[in-house]
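With the hints as extra help, turn the sequences into a complete structure.
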Amino acid sequence: MTAQTRRLPDGGRIDRGRELTFTVDNVEYAGHPGDTVASALLANGRMEVGSSIYLGRPRGIVAAGAEEPNALLQVGGECSEPMVPATVRALVDGLGARTLSGLGHLDPASDPEQYDKRFVHTDVLVIGAGPAGLAAATAAATGGARVILLDEQAELGGSLLASGEERVDGRPALEWVADVTARLEAFHAVTLLARTTAFGSYDDNYVLAVERRTDHLDEPLTHLSRQRLWHIRAGQVVIATGAHERPLVFAGNDRPGVMLADAVRTYLNRYAVSVGDRVVVATTNDSAYHLVGDLLAAGVDVPVVLDARPVLSERAAETAVSHGVPVRPRAVVVATHGDPRVSAVEISEIDDGGQLVGGRDTVDCDTLAVSGGWSPVVHLHSQRQGKLTWNAGIAGFVPDGVVRNQLVVGSAAGEFDLDATLAAATDAGFEAAGRQGYPADVAASRGVGGWCGPVRPVWLVPGLDGEPGEWREHFVDQQRDQTVADVWRATGTGMRNVEHVKRYTSIGTGQDQGRTSGVVATGVIAAALAGSGAAPDIGEIGVASYRAPYTPVPFATIAGRERGDLFDPTRTTPVHGWHVDHGAEFEVVGQWLRPWYYPQQGESMDDAVRRECRAARTGVAMMDVTTLGKIEVRGRDAGEFLNRIYTNAFKKLAVGSARYGVMCRPDGMMFDDGVNLRLSEDRYFLTTSTGGAAGVLDWLEEWSQTEWPDLDVVFTSVTEQWTTVAVVGPRSREVVSRVAPDLDVSGEAFPFMAFRETTLASGLPARVCRISFSGELAFEINASGWYGRALWEDVYAAGHDLGITPYGTETMHVLRAEKGYPIAGQDTDGTVTPQDLGMGWVVSKTKDFVGKRSYSRADTARGDRKHLVGVLPVDGSTRLPEGTQLVAPGSPSAPTDGPVPMLGHVTSSYQSEALGRPFGLALVKSGRERFGEVLLAPIGDRLVEVEVTSPVLYDPEGTKRDG
Amino acid sequence: MADLTTLRRSPLTHLADRMAAASVSVTVSLSEVPFLGMVSLRVEPSTPAATRVADVLGAPLPTGCGETTGDDDRRALWLGPDEWLVVTTGDPVVLTRELDAALGEDPGLALDVSANRTVVELAGPRARTVLEKGCPVDLHRRSFVPGRAVATTLARVPVLLWQTGHDAYRLLPRSSFADYVARWLLDAMREFNG
Numbered sequence: 001m002t003a004q005t006r007r008l009p010d011g012g013r014i015d016r017g018r019e020l021t022f023t024v025d026n027v028e029y030a031g032h033p034g035d036t037v038a039s040a041l042l043a044n045g046r047m048e049v050g051s052s053i054y055l056g057r058p059r060g061i062v063a064a065g066a067e068e069p070n071a072l073l074q075v076g077g078e079c080s081e082p083m084v085p086a087t088v089r090a091l092v093d094g095l096g097a098r099t100l101s102g103l104g105h106l107d108p109a110s111d112p113e114q115y116d117k118r119f120v121h122t123d124v125l126v127i128g129a130g131p132a133g134l135a136a137a138t139a140a141a142t143g144g145a146r147v148i149l150l151d152e153q154a155e156l157g158g159s160l161l162a163s164g165e166e167r168v169d170g171r172p173a174l175e176w177v178a179d180v181t182a183r184l185e186a187f188h189a190v191t192l193l194a195r196t197t198a199f200g201s202y203d204d205n206y207v208l209a210v211e212r213r214t215d216h217l218d219e220p221l222t223h224l225s226r227q228r229l230w231h232i233r234a235g236q237v238v239i240a241t242g243a244h245e246r247p248l249v250f251a252g253n254d255r256p257g258v259m260l261a262d263a264v265r266t267y268l269n270r271y272a273v274s275v276g277d278r279v280v281v282a283t284t285n286d287s288a289y290h291l292v293g294d295l296l297a298a299g300v301d302v303p304v305v306l307d308a309r310p311v312l313s314e315r316a317a318e319t320a321v322s323h324g325v326p327v328r329p330r331a332v333v334v335a336t337h338g339d340p341r342v343s344a345v346e347i348s349e350i351d352d353g354g355q356l357v358g359g360r361d362t363v364d365c366d367t368l369a370v371s372g373g374w375s376p377v378v379h380l381h382s383q384r385q386g387k388l389t390w391n392a393g394i395a396g397f398v399p400d401g402v403v404r405n406q407l408v409v410g411s412a413a414g415e416f417d418l419d420a421t422l423a424a425a426t427d428a429g430f431e432a433a434g435r436q437g438y439p440a441d442v443a444a445s446r447g448v449g450g451w452c453g454p455v456r457p458v459w460l461v462p463g464l465d466g467e468p469g470e471w472r473e474h475f476v477d478q479q480r481d482q483t484v485a486d487v488w489r490a491t492g493t494g495m496r497n498v499e500h501v502k503r504y505t506s507i508g509t510g511q512d513q514g515r516t517s518g519v520v521a522t523g524v525i526a527a528a529l530a531g532s533g534a535a536p537d538i539g540e541i542g543v544a545s546y547r548a549p550y551t552p553v554p555f556a557t558i559a560g561r562e563r564g565d566l567f568d569p570t571r572t573t574p575v576h577g578w579h580v581d582h583g584a585e586f587e588v589v590g591q592w593l594r595p596w597y598y599p600q601q602g603e604s605m606d607d608a609v610r611r612e613c614r615a616a617r618t619g620v621a622m623m624d625v626t627t628l629g630k631i632e633v634r635g636r637d638a639g640e641f642l643n644r645i646y647t648n649a650f651k652k653l654a655v656g657s658a659r660y661g662v663m664c665r666p667d668g669m670m671f672d673d674g675v676n677l678r679l680s681e682d683r684y685f686l687t688t689s690t691g692g693a694a695g696v697l698d699w700l701e702e703w704s705q706t707e708w709p710d711l712d713v714v715f716t717s718v719t720e721q722w723t724t725v726a727v728v729g730p731r732s733r734e735v736v737s738r739v740a741p742d743l744d745v746s747g748e749a750f751p752f753m754a755f756r757e758t759t760l761a762s763g764l765p766a767r768v769c770r771i772s773f774s775g776e777l778a779f780e781i782n783a784s785g786w787y788g789r790a791l792w793e794d795v796y797a798a799g800h801d802l803g804i805t806p807y808g809t810e811t812m813h814v815l816r817a818e819k820g821y822p823i824a825g826q827d828t829d830g831t832v833t834p835q836d837l838g839m840g841w842v843v844s845k846t847k848d849f850v851g852k853r854s855y856s857r858a859d860t861a862r863g864d865r866k867h868l869v870g871v872l873p874v875d876g877s878t879r880l881p882e883g884t885q886l887v888a889p890g891s892p893s894a895p896t897d898g899p900v901p902m903l904g905h906v907t908s909s910y911q912s913e914a915l916g917r918p919f920g921l922a923l924v925k926s927g928r929e930r931f932g933e934v935l936l937a938p939i940g941d942r943l944v945e946v947e948v949t950s951p952v953l954y955d956p957e958g959t960k961r962d963g
Numbered sequence: 001m002a003d004l005t006t007l008r009r010s011p012l013t014h015l016a017d018r019m020a021a022a023s024v025s026v027t028v029s030l031s032e033v034p035f036l037g038m039v040s041l042r043v044e045p046s047t048p049a050a051t052r053v054a055d056v057l058g059a060p061l062p063t064g065c066g067e068t069t070g071d072d073d074r075r076a077l078w079l080g081p082d083e084w085l086v087v088t089t090g091d092p093v094v095l096t097r098e099l100d101a102a103l104g105e106d107p108g109l110a111l112d113v114s115a116n117r118t119v120v121e122l123a124g125p126r127a128r129t130v131l132e133k134g135c136p137v138d139l140h141r142r143s144f145v146p147g148r149a150v151a152t153t154l155a156r157v158p159v160l161l162w163q164t165g166h167d168a169y170r171l172l173p174r175s176s177f178a179d180y181v182a183r184w185l186l187d188a189m190r191e192f193n194g
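As you go down the protein sequences, you meet chains L and Y in turn.
Numbering follows the working numbering, in which position 903 of the first sequence is assigned residue number 903; successive positions increment by one, without gaps.
Numbering follows the working numbering, in which position 129 of the second sequence is assigned residue number 129; successive positions increment by one, without gaps.
It cannot be assumed that every hint is accurate.
Which chain Y residues face chain L? A few, computed with CB under 10 Å, are given here [said to hold, decoys possible]: (1) 8; (2) 101; (3) 103; (4) 105; (5) 140; (6) 194.
It is worth saying that the hints were derived from the structure and are not from the lab.
Built from N, CA and C at the ideal position, the CB exists for glycine as well.
Written as structure tokens, this is what we have:
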């Protein structure tokens, strides 16, 4: 195991009382609680990580947060996790990982961890718990508002976690952080969420955030979800997301040991890791001078500070004097040397026009800390279409105005000075809480720190030779291995738009989404376009759109608990347990679990379906049809309303009778059907298809509320109120007479399409209907769902000696298809009229109804519309796959002949027990004129002959209906 | 008349043991409240019919989203401007008959829908947190209090959510969804009963 040779003897926010061991690339290292994997690697002297994705160049750790482009890990485990930045992953004992070259792999193993969600509302959501977020949250909480403060880091404090000399209210800044955190914790209405990243911001202040709950625990608690997806609805959002430091673009800027200056400071102050012994600092602004002081205080040699600005700022001059460090104005790095880690940098002066001037000299060092300025983290503002504007003072894009009910504060708004930030953020907190009705006002804390000063944007340090189009070691996007030469190639093709250049080069498309490279790329594009006619300035070029997620979110987190048994809501009937006990296989219809068939010992599906069909056609069978949608309708105008909705008439339906009805969209296309009962003068009972129930109720309400509010009619869904058992077959009458002895079930007393209210032998009140979806004599018995299971068991027992056979949806399909009964959604697809189905009889010629006017359109009267027909494979044995296309014999079918004209397709296909052969239903052009014709069905490499027939293949005379 | 209560079976009978085993009174408990009577009521508000209905219920009908009126015997939950669900510990057949008579010839509908939904009770200090894992409604006590009821979703299942006590909620899913809802809640409770 390597030792923590780079760890400073004291300081840092780590727990030195415990040593953790971990491995990266099979090398064992040590660290402490409080470390990230990156800080621990650096403590062990490991700078280099995986080589670059395309060019294979050595790369090192660059940053100390989510903006890291290079240090990506595949973290091991039962299901390993790809593309984890070492700079954000908390170190835990025993962690094992390997470094990646820009590309991880998705582990095919199932992720054993749990993920869940939480839906919360708040008055004020503060995103980011640096000085701005802490001040805003405290101000907002003072008046009693509900406040959520979240931050992606392991503890609150943001940039102050890396602070040194910064002070708040006269004390070290971290004491203030501790103080404020304690105060926030004491507010009942405040929720503090560390390790939580707000990654998506949506309309009406709907914000999604992912909380990492267990990755930092050595022994994860098994009952805790690993990650939690927070769905937050906020009255006000305060964005305090800070800023990311930008690198500089010069030759060899990707060499290991070249790091962002603030990252070097973070490792030094927060993690007590000195990444190098001799650090050259190159900057374009004042922020790096915080680092210079801290390095010197820690005993690290700073041979020179290179400041690109022509005149030293007050801060720079003061540093030079007080620390005795040489600070060189107009100075930039033009090249790096090392094997591979940087061992020396070459330095040159740069003039106001960005050209190198004068001689060069070389300075030895083991680390180059760079600051190319700061880019406010405006992603969440931008996701809501908040506008951005270029702020030349800080050389960065800042919010231009705010999104409604949002505020942006701190460096995210381009304000770097600590004192100004605390004042503005406090005001923002009051403003946000006040808007929510929780006003308050206390004095803001006063801060010292947060230097930035005037910034000289240096987008491109010229190479020592060649043209920009040849500068292939000036890296713009390290993660995507894209250079100045690549940008030049893009602009050379004529591209001027940043979105085009992004897609052409892939800059900003990596896991880091261009957090360090995005604005740099804009600067390089501006440099590339400079000199061309009407060259756009950097503000005009803008940045590529920021889209959610801000940082990658695992699909498992988005799925939450909706996996396995909880994948999708399922609906069951009161008889479900019986079906399970009796070995049913299930199919999902809508969300209902319906028995598909009931295989007995050793039976195949075909065997079971044949047996079930035989029972229904020759004996007696039963089916749970509870899933059909049911709607009760009442009103003086109920009949008139139904007349307008259904294609056929219901107004004059006799009380006690039932009628099949079809409803269409205004375009005349069928969308649902069912059998409806007239319960009394002003009451009807409608049934719908299993999957169509909710849609039909919405349809009825829509017409009632928007078109015919004058009609007296109301609706109530009663689908689950009733359990319905279909008793089917020539011997069904015997079974029903046993179950309902008070009922005269004779054909004369109880005709087809009638229903009766009765009390069953068990004492249950029930409604018995004589309706059939099989062509056989059949009844449907309805009773309250409380007694559904008892009803089913009674029917089963009553038919036992007659061999009553439960059947599932597959047999139901076979039986109805043999009779040519279509199923909406299977044999229709929204382009089929009732007339196409051969059901012109169900379409009234006299009354008006939704869809009627469409039957006078030329299109619905075409002779070559597709009709529902039966199809019989001529060989008597081929079961046609549903969806099979049908073509005319002799159709040219060589590839050179082009598309083969299709006449139609098979919509339903089964093996018929009654017919002793396979058959199907199909929609075929002019189908009713083709009865007897033979068409071809291409199945794989074969062309199967099929005969077109009437869709009614079983008992066309209808003799079976009455038993 | 036969004693029908021996024949009836509530939608969550099969999960009763699991719900009992998962319940911890100091955190969160789950149980079914079976066989409560429910009557679907539709009537034009502010009409004589609505007044007669209110007389039957012993309280004026609630008028806004989230409101309930009445007592345990007859509690009306607001579902829409002209739609309520009346939950009763009494006989729903009798109540339906009374409400139907109150409507008379006027527009509206009173219908026994007792089997259409079942009632699941979630109670305990962590009940709200469990619900917040899958319910988008603002359940904070500043916003949702005992006596409030709304139509919402839990884990993508439509439910009526009715807060009955400081830490007690009733969920009224359609009976067909009851099994899924109960299994989802059992899963969500694991954090607090492990």
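(request) With a cut-off of 10 Å on the beta carbons, see whether residue 103 of chain Y makes it to chain L. (result) holds (9 Å)
(message) Let's test the interface hint: is any C-beta of chain L closer than 10 Å to that of residue 194 of chain Y?
(response) Result: holds, 4 Å to nearest chain L Cβ.
(message) Checking hints one by one. Is residue 140 of chain Y an interface residue toward chain L, by the C-beta closer than 10 Å rule?
(response) holds (6 Å)
(request) Against chain L, run the beta carbon of residue 105 of chain Y and see if the smallest gap drops under 10 Å. (result) Because about 8 Å separates residue 105 of chain Y from the closest Cβ in chain L, which is inside the 10 Å limit, the hint holds.
(request) Would you settle whether the hint for residue 101 of chain Y is holds or violated, based on the nearest Cβ-Cβ distance to chain L being less than 10 Å? (result) violated (14 Å)
(request) Return the status of the interface hint for residue 8 of chain Y: holds when the least beta-carbon distance to chain L is below 10 Å, violated otherwise. (result) holds (4 Å)
When the structure is compared with the earlier hints, a violation turns up for hint 2 alone.
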